[in-house]
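Undergrad: Residue numbers (my numbering), protein chains in the order written: chain A, 1 to 351; chain B, 1 to 619.
Treat the hints with caution; some may be incorrect.
[Claimed, not checked] Rough simulated footprint, nothing fancy, chain A against chain B, three-plus residues with beta-carbon under 8 Å:
hint, segment
1, 269 to 277
2, 294 to 301
3, 312 to 323
4, 340 to 350
5, 445 to 455
6, 462 to 469
Calculated directly from the structure, the hints in this document are not laboratory data.
On a predicted model such as this, the values are computed, not experimentally measured, just so you know.
Backbone N, C-alpha and C fix where the C-beta goes; we use that ideal spot for every residue, glycine too.
Residues per chain, in single letters:
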Amino acid sequence: MSFMQKPKVSHSKLLRNDLGLTQRDYEGSMSTLCAGCGHDSITAAVIQAFWELSIEPYKVAKMSGIGCSSKTPAYFLSPAHGINAVHGRMPSIATGANAADRNLYYVGISGDGDSLSIGLGQFIHVLRRNLNMLYIIENNGVYGLTKGQFSASADVGSKAKKGEVNQQPPIDPVIAALTLGGSFVARSFSGDKEQLVPLIKAGLMHNGFAMLDVLSPCVTFNDHEDSTKSYAHTRQFYHPAVHADFVLSKKPIRAAYDDGEAMPVELHDGSTVVLRKVSKDYNPTNRAQAYSYLHEHQKRGEIVTGLLYIDEEQREMHDISNTVSAALRDLPYAELCPGNSALEEIQKLYC
Amino acid sequence: MPLTRPRSRRHSGAVPDPMQSRTNDFVIKIANVNGTGSASANGLLMKAIFRMGIPVVGKNFFPSNIQGLPTWFEIRVSREGYLARSGRVDIMVAMNAQTYTQDLADVSPGGYLLYDSTWPRDKQLVRDDITVVGIPLAQLVNTHFDNVRARILMKNVCYVGALAALLHIDMAVIKQLIKETFGDKEKLIAGNLKAIELGYNYAKEHCECPLPIRVEPMHATQDHIMVDGNTMAGLGCVYAGATVGAWYPITPSTSLMDAFKDFCERYRVDKTTGKHRYCIVQAEDELSAIGMVLGAAWNGARAFTPTSGPGISLMNEFIGFAYYAEIPAVLFDVQRVGPSTGMPTRTQQGDLLFCAYASHGDTRHVLLFPADPAECFQMAVTAFDLAERLQTPVFVMSDLDIGMNDWMVPKLKWDPGYVPDRGKVYSREQLESMQVFRRYIDSDGDGICYRTYPGVSAKGAYFTRGSGHNRYGGYTEDAAEYQDVLDRLRRKYDTAKLLVPEPVIRRKKGVKIAIVSLGSCDGAVHEALDVLAREGTEVNYLRVRAFPFNRQVEEFLDNHEHIFVVEQNRDAQLKSLLLLETSVEKHKLISILHYGGMPIDARCIVSGINNALAKGAAA
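So here's chain B without its partners, still in its complex pose:
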């Protein structure tokens, strides 16, 4: 069937009132210099809006640098609860002279630009389709603060105060947040409150407050938290019962181990002895980090390593070892832009193919695709269960956007009945009652064999090797013996299909056009589906949550005629995996790709689909 726009009824919803549409639906972008402490000010601004019950999301675009380079923070206020970037800039806070020209150009028509009017602006740089608001931030701050560092920091807090007045943000909420942040540090509280007030009062006196773009309290966030994915993944490792973590610092994964350590210090220290019920090793490199994970898992501990693409590259030899010797391992790949060093502080989904078949020889791995921080928590736990059940490495494929940005997600609940699935492990008693133990016998017919921990029983001993081995664990160079083990590993992979998380499907009966996507594209896809529906185009959606693909993915592909595969890489890696691992016909799949390093937005998906539909209709 040719690809044409379905002649469905137009969306009957009323056209939104233009004024109404700007309340609780806009984007603030703050352009700053990194190392000036703007992150905490921006966090304060976002949190205040969140506390007012309004859905909000923040994206930090920062350089791979410690001090002095441009950095941006984008806050999207969305009464609909959309989590992706919108692509608009309604208010630009231009704090960086270096990027001023570009920042001015980026403001959407009808928008606002707020700048520090202590110094005159370049007369050449004007736009008559936006409103410029000058606040003498440096001047205000310098009259009240003497310390050089404080002057730099407080300038940021001061623009939060000005925005509070301009956007009608509840000052009581801001004050409360400042108190919570600084606890008993009275001096810091007083300083921050002062800076807020300076900005607020100046804006109130000199500007028309509030702007047409503004916030109004809602009740849409009370059962939610604002948190980043690395923190949640680290917490997930604690709840999964992981005891050994090995790592080598790499952006954007570092904060995952930081979080694990913080939570362990809080919940895993023996109250009487002060001893730790965990062991974190900072390795000399990623080759070593994964080796430590395998050593610990071989010895019966739940162990993990957080890393990013370059780290996975280094780990490849050991990943193949773990696959072949059948050792559990949990790897978090917080993906960043490749190839090579790429752009360490930008996001991408570029490691899919690479992780799916990592290492030389015939290997295939289990991948999980969290879409937000809440799923990072849940999938961390799932990853350990799967790794131990399947005795194989499991990759949690997060990315910089999920890992390092704060997302609004529903509050987590913990099931007190959860019991870790430690997989097939013979106990001392079982071993003692056995005639003989053989490591690689498939006695249950699911491709998964029984293993033993060292130091438990002499009867459980076996030799773990990455060299050719037979079903008894013995060294072999015999073709039949080697193939016997390799074929069983393939069967084990089929078992994995039954165990991995199922996809999430949003569908309507009779619709034949669909999107298949994964991970952090999710927010943009949902928003695009709503936009398309309003335009009269109904599209179904399946979000893949794991590789290997399970039956539901296969069925969904079967039941649709045109499938847009939305992903954030150049080479259509998800599409490649679908073509390789399902029976989908190639002509049904159409790629929508976004890979510049900024998180994908709905507009890219909507225009991708509309263009294809227009082309199809023309054909």
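Okay, chain A solo, but in the shape it has when bound:
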């Protein structure tokens, strides 16, 4: 049950981050998901990423919609406020929360049903808004809580547990994000923590909407033979195109991009993500190239992963609406109310 708290056990030998906190301080309550669920691995990666970045847990707002994935914010960062919205509508809650206070870290956890079916509209519009948040889609191609229906990310020909074969083309959040102007587009796999943790960190530090699609097999309803979202299938067709090393440093990184191997991208706060390209012909700052590369590899059934596209220059929602740097919710009332003389002035228009 999600209200079951984990016992706080403190070992003196546990590693501590710059804030003096251990990873335990970043945990939440006990997971109620099935044993072996990919989502729990992602939860662990989230915990590790926040801990390594030394982010004060209470400076984070966790948000989600409805579904197995959306339960997970209860399983990490218990000192942070969390909000479990209605199905598919987390992006609007995140937009409002961010509008009220632009200075917190926002992490949204969604699923393929939550983001690509019922919430597709909100997903693509929050992306267009370039809201400053990390948005993780825990993608397993199936509805778990209602026992195994296909979701909109199920591949053509993929078989359900009961034998039904999916006939409809999938919606790929990475392709969608690339074509709709996403400023940070990444894909990973719950079983590849080495790739996943730096992507989460880079996404958190990105100034804008960081879309991270994470393949996360459903062990109960979609991990069988003939499923394209199983552990085995994902491992077999896994194609890391770009490896991202996240460096929390204000120092300039000298890396030779010319040789086509490593490419440093400075993030808004001064930290850097170094992209090591597995394929020579891949350029993660060129939207069109990223798109055609993905298409080509998808045709072969390969699952292209990594930080596939990044544009750190794109303006996020507050930059576009020109909001003050302080949190709007903290502005003193005196700065908000024009007062009586202004009211008299205004009413002259209507006399």
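Mind docking chain B on chain A? Use the hints.
TA: Structure of chain B alone, referenced to chain A:
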């Protein structure tokens, strides 16, 4: 007691002199084609009368269309200061050939019809009980203006000039208004003044000016403004300290956010940095708009969304979430005619029941009912205070008539001592000194719990959810734990009764017949009460200003034997709410319903009451 006409003394006031009665008491109706710029000309006409100190009200009946369909503007000049429609048409300005037959038929006997005599009228269409005035508007304008667009626009300004002569409107006032409107745009000022003059001079030369129907200066408007409710509601949001507005454009609510934006650009931009102390998000739909409001309010900002019925329909799931998770929100429902798309540019009070219990499961909400633009301003502020105090959605139930028409209301005053009621929120200091924070504990016994903002203290963290939760905020499927929270929410609703605005009551001792009404019916009800009193029937009146109903409403119902419930919908929604939520006996309530989409007038109420009295007397 049977319903019979009370045998009270006849009104002793003198019968008004018929000539006197037509001065400063008549209705001008202008029939036009939308998209021809007639709105500004009509506004000019109305404002000029207002500036002469004469009470006036304007109603715009426009199509859901951009160009080419019929549109009417009705100006009621009322020395008594009545704000509703009168139901008469004393002067028809027939500018639209499409609707000419109907417009001619609508003129009250003894009235006038003004038309563009550039073209001949249909000889078949005559009435011998009205006076027809022909002004060759197109001809006059075309000789002085070359530009096609100017010719269309100036024809409207030209009839204002003719009416000025016919009605004895002060030309100096009109000229001054034109100068104020166009500021330093000399060319526009000159053009408008010319068009006014053309109409004025022609009427002076060719007609008997002024008509028996005319204006005379008064001093009844100096402490008043002419303004629409959406503008005032938007301004109210600025004064309430709202910082986040989310919306999806929908008639008739759109101008509310436009107003908020305009006032923010004027008063909420940092002078040195140019940065905004507000954030407006135009959402992809209403589902998202309300989600943004809830996200912002959850995070401690005052946030709102303006919408209309169809928008509320879409917002329902989130409204239930806000009720159950206890998140403040302010929603402006500028009601239009339903069901479904209905008639987007016509008015109704059709969302009362729907908003009172919006969303699935056991929910009940706080509704406020402004009666005019001034109350839109005040209730906008009240709505934020109530929403944050009660941690729940609050609906401001305006309508198209209030929201989009210009009303004459007393000037607003702002209390500099006002402090927003941000409700029960623990500060960082309070949290740090606490052993443990629990979100849904009713420590004060009023059903309202303490909340915390994200990012303030690790001790304040909790999980907000729409799923079953216990008093500690934890997930639950336990019957007792679930019911514990649900019952407290019901108690919180009882607390709301003590906090919402009280009704406005107009009563005389010993009178047992009464009207209960709400919102934009108010002007028509007051006028009807005066008419009935003159006829010898005294009727008391209570205007409900909020739901849940407070004690005063209950007492008023108790103290009257026959209660007419006047409202603008088919299904007697206010009456239904009274039956559901008070202990009033059903047989005491008699509905007077008006729901065709045009604002209610006094005649409908007077005849409704008289018919019921006659029937009662016959029984």
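Undergrad: So, for every hint listed, does it hold in this structure?
TA: Tested hints:
With 6 residues carrying a beta carbon less than 8 Å from a beta carbon of chain A, the segment 269 to 277 of chain B meets the three-residue requirement, and the given coverage holds. Restraint check on the segment 294 to 301 of chain B versus chain A: 8 residues with Cβ-Cβ distances below 8 Å, three needed, restraint holds. Counting residues of the segment 312 to 323 of chain B whose CB lies closer than 8 Å to any CB of chain A gives 3, which reaches the minimum of 3, so the coverage claim holds. Remark: the segment 340 to 350 of chain B is not confirmed as covered by chain A, as 0 of its residues place a Cβ nearer than 8 Å to a Cβ of that chain, below the required three.
With 4 residues having a beta carbon nearer than 8 Å to a beta carbon of chain A, the segment 445 to 455 of chain B meets the requirement of three or more and the stated coverage holds. With 6 residues carrying a beta carbon less than 8 Å from a beta carbon of chain A, the segment 462 to 469 of chain B meets the three-residue requirement, and the given coverage holds.
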